[in-house]
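Visitor: Using the sequences provided together with the hints, build the complete structure.
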Amino acid sequence: MVGYLVVLLLVLAAAAYWIGRTRAVASVNGDVARLHSLPGQHGMFLALFAAGPALLAIVLWSMVTPGIEASIITDRFSAELSGMGVPQVEAFIRDARAMAFGGLVGFADPTKEAAAAVYKSIHATSTWIIWAVALLLSASGFYWAYSRIAQAYRARHVVERVLRAFLIACSVVAILTTIGIVLSLIFESLRFFQQVPFYKFLFGTHWSPQSAFTGAGTEAGAVNQDIFGAVPLFAGTLLITFIAMLVAAPIGLMAAIYLSDYASKSVRAVAKPVLEILAGIPTVVYGFFAALTVAPYFRGIGESLGLSVASESALAAGVVMGIMIIPFVSSLSDDVINAVPQSLRDGSAGLGATKSETIRKVILPAALPGIVSAMLLAVSRAIGETMIVVMAAGLAANLTANPLEAVTTVTVQIVTLLVGDQEFDSAKTLAAFALGLVLFCITLTLNIVALRVVQKYREQYD
Amino acid sequence: MNIMTEASVEQKLSSGANEPSIKMKGEKVSVHYGEKRALFDVDLDVRENQVTALIGPSGCGKSTFLRCLNRMNDTIDIARVSGKITLDSEDIYDPKIDVVELRARVGMVFQKPNPFPKSIYENVAYGPRIHGLARGKAELDGIVESSLKKAGLFNEVKDRLLESGTGLSGGQQQRLCIARAIAVSPEVILMDEPCSALDPIATARVEELIDELRQNYTIVIVTHSMQQAARVSQRTAMFHLGYLVEEGATDKMFTNPDDKRTQDYITGRFG
Chain P
102 MVGYLVVLLL VLAAAAYWIG RTRAVASVNG DVARLHSLPG QHGMFLALFA
152 AGPALLAIVL WSMVTPGIEA SIITDRFSAE LSGMGVPQVE AFIRDARAMA
202 FGGLVGFADP TKEAAAAVYK SIHATSTWII WAVALLLSAS GFYWAYSRIA
252 QAYRARHVVE RVLRAFLIAC SVVAILTTIG IVLSLIFESL RFFQQVPFYK
302 FLFGTHWSPQ SAFTGAGTEA GAVNQDIFGA VPLFAGTLLI TFIAMLVAAP
352 IGLMAAIYLS DYASKSVRAV AKPVLEILAG IPTVVYGFFA ALTVAPYFRG
402 IGESLGLSVA SESALAAGVV MGIMIIPFVS SLSDDVINAV PQSLRDGSAG
452 LGATKSETIR KVILPAALPG IVSAMLLAVS RAIGETMIVV MAAGLAANLT
502 ANPLEAVTTV TVQIVTLLVG DQEFDSAKTL AAFALGLVLF CITLTLNIVA
552 LRVVQKYREQ YD
Chain Z
155 MNIMTEASVE QKLSSGANEP SIKMKGEKVS VHYGEKRALF DVDLDVRENQ
205 VTALIGPSGC GKSTFLRCLN RMNDTIDIAR VSGKITLDSE DIYDPKIDVV
255 ELRARVGMVF QKPNPFPKSI YENVAYGPRI HGLARGKAEL DGIVESSLKK
305 AGLFNEVKDR LLESGTGLSG GQQQRLCIAR AIAVSPEVIL MDEPCSALDP
355 IATARVEELI DELRQNYTIV IVTHSMQQAA RVSQRTAMFH LGYLVEEGAT
405 DKMFTNPDDK RTQDYITGRF G
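These protein sequences, in sequence, are chains P and Z.
Just so we're aligned, residue 102 is where the first sequence starts under the numbering used here, counting upward by one.
Just so we're aligned, residue 155 is where the second sequence starts under the numbering used here, counting upward by one.
In short, the hints are calculated from the structure, not lab data.
Quick caveat, the model's predicted, so the values are computed rather than measured.
Relax, there's no trap hidden among the hints.
Heads up, simulated EDC-like pairs for lysine to aspartate or glutamate below, C-alpha to C-alpha not over 20 angstroms straight-line: (1) P:456 / Z:228; (2) Z:179 / Z:341; (3) Z:304 / Z:362; (4) Z:179 / Z:252; (5) Z:182 / Z:228; (6) Z:179 / Z:245; (7) P:366 / Z:228; (8) Z:303 / Z:362; (9) P:557 / Z:317; (10) P:221 / P:181; (11) P:462 / Z:276; (12) Z:272 / P:458; (13) P:462 / Z:317; (14) P:456 / Z:276; (15) P:462 / Z:255; (16) P:456 / Z:231; (17) Z:266 / P:447.
Guide: Structure (structure tokens):
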């Protein structure tokens with residue numbers, strides 16, 4: 102088992118650390134000050150070379166073997182698989198593997214059992230090979246590094262370099278993941294745009310992909326391109342975002358001003374964390390708060406005023422989303438307002454300005470770029486928010502500017518398109534990727550603009 | 155008392171004019187920052203149309219005293235001021251006094267130039283606007299121009315009044331701050347080490363300006379530079395550890411101080 106191998110290597114590394122350390126100390130007869138590097142660094146050096154290459158080999162092995170094993174199987178059973186399509190071959194390999202290593206088997210048959218036996222033997226061989234390779238690498242790495250350890254050896258530099266490489270690898274993983282997500286989004290969207298033209302998607306005003314039945318007189322399987330108009334979704338998203346910002350921007354900003362310039366230290370020490378608790382509430386909780394408390398409340402008010410308010414209204418979803426964003430706005434604005442130097446406040450006070458005059462005429466103008474970027478970040482947060490609107494805004498793709506009606510948003514539609522049993526090659530499901538791509542572009546643009554503005558603002562005072 | 159008399163005589167002899175009247179008067183001024191006492195019963199007078207320099211080693215209380223004169227210490231939560239300070243015989247810590255009005259009469263220029271991130275014009279117009287000093291645009295323009303002229307900055311910036319004040323050089327920024335203070339027509343201008351962030355040339359320019367401003371304003375300046383105190387001030391007060399050590403005409407303070415500590419500080423033997 103490879104798991105044992107990893108544990109063994111870790112134990113070896115610990116031992117190598119101790120051995121390297123001891124050897125380094127012994128090489129100068131205990132006079133540690135004469136060593137170029139600290140004993141611990143020699144130990145680390147030996148441990149890294151004893152276990153590092155072997156662990157790397159194991160990682161590579163575990164990434165590569167499933168593919169190799171599958172290709173060997175398809176090779177050996179090419180005669181039996183020749184008549185099958187891609188999904189069947191995949192199912193065949195999946196079942197064979199499940200029989201060999203345990204797991205849910207779809208349909209058992211003799212061919213698959215034979216394949217499973219082959220699978221088992223190949224896997225045993227490859228496990229044996231990785232054990233041998235890993236131990237060999239470990240031993241030679243240990244031997245090579247052990248022979249290096251001496252009074253003048255620069256173990257510290259080697260350790261530092263290895264650490265740097267490790268850190269680079271970690272950040273590369275993060276970046277590659279992002280790129281991978283974006284690429285998959287783009288490719289799936291391209292598949293969608295092959296079926297539905299770009300302009301019909303972006304500028305169409307009719308959205309009902311759930312009713313994607315083939316219209317009368319057309320060939321079965323053809324896609325009705327006119328039901329993928331995303332305009333109502335983006336309109337709904339904008340409407341709800343607008344309502345949310347209408348709530349969050351003034352309240353968040355005022356709260357930030359109070360916290361930064363008016364609140365005493367003790368009030369601030371309590372109020373700021375409490376405000377930030379709002380940010381810690383799961384959005385699902387906000388969602389049912391909106392659906393079960395706020396929406397009926399608005400409907401009640403509407404009825405008493407003689408207005409008809411949908412039980413799932415854009416207003417309720419927007420207001421609750423606004424409440425959710427308040428801590429976001431206030432915390433970011435608080436930071437930028439605090440970043441305005443005290444000397445400007447003193448200067449203004451020294452001219453006989455009152456506190457509110459100082460804030461209105463000096464602090465806010467000075468902090469404006471930062472506040473704007475805080476707002477933009479909040480907007481991109483609101484656009485991407487899903488749970489509240491799923492629960493409170495409704496599913497009907499109405500193209501309306503009336504906040505009392507139910508609207509739907511891009512994120513809600515992505516959820517409804519992908520939830521449940523779906524085939525992943527129909528235009529209906531692929532539409533979700535196209536929506537996701539457009540949404541991603543919008544929030545990315547907002548974030549870039551916001552960060553630019555913040556950067557520019559920082560340069561002014563640092 | 156003896157010192158004061160001598161100083162007065164000195165003043166009369168040197169200026170050959172009548173004794174200038176007392177503009178601001180501090181009596182037994184003490185300041186606490188929380189538990190810590192920063193100023194001990196300081197009695198100090200500020201005379202009209204003169205430059206009074208406050209000198210002393212760091213942490214001696216000179217800036218603290220300066221900030222009492224326009225109640226800037228009010229902006230610090232833990233600061234507590236006791237004693238009596240008068241402006242034209244009016245107690246400025248009287249509850250009836252409007253601190254906004256006081257600060258319009260006693261302006262302040264800070265250690266680091268702190269122009270607002272607005273245009274040069276807006277920086278100067280800020281004070282007149284909040285106090286409603288100008289009726290109409292033309293009058294405001296006039297105030298801005300005359301303030302910039304008095305601060306000796308007008309010729310340098312007249313073509314770029316609408317550019318940002320933060321884009322000026324350090325010395326120009328400080329003169330802009332002085333112009334900003336002048337624009338509200340204060341009676342007293344407090345300056346807290348106004349040249350400590352400036353190079354020697356800009357410093358010389360500001361010192362000249364201070365000397366010119368003395369004609370129309372009463373000036374109190376905190377400085378770490380002995381030469382500056384000697385150059386620009388008529389009276390000097392020496393602070394040490396929160397106490398006022400000695401106060402008198404600048405000529406006398408720098409040539410023949412009464413207190414050994416003053417002598418040592420001026421000659422650079424302690425501090």
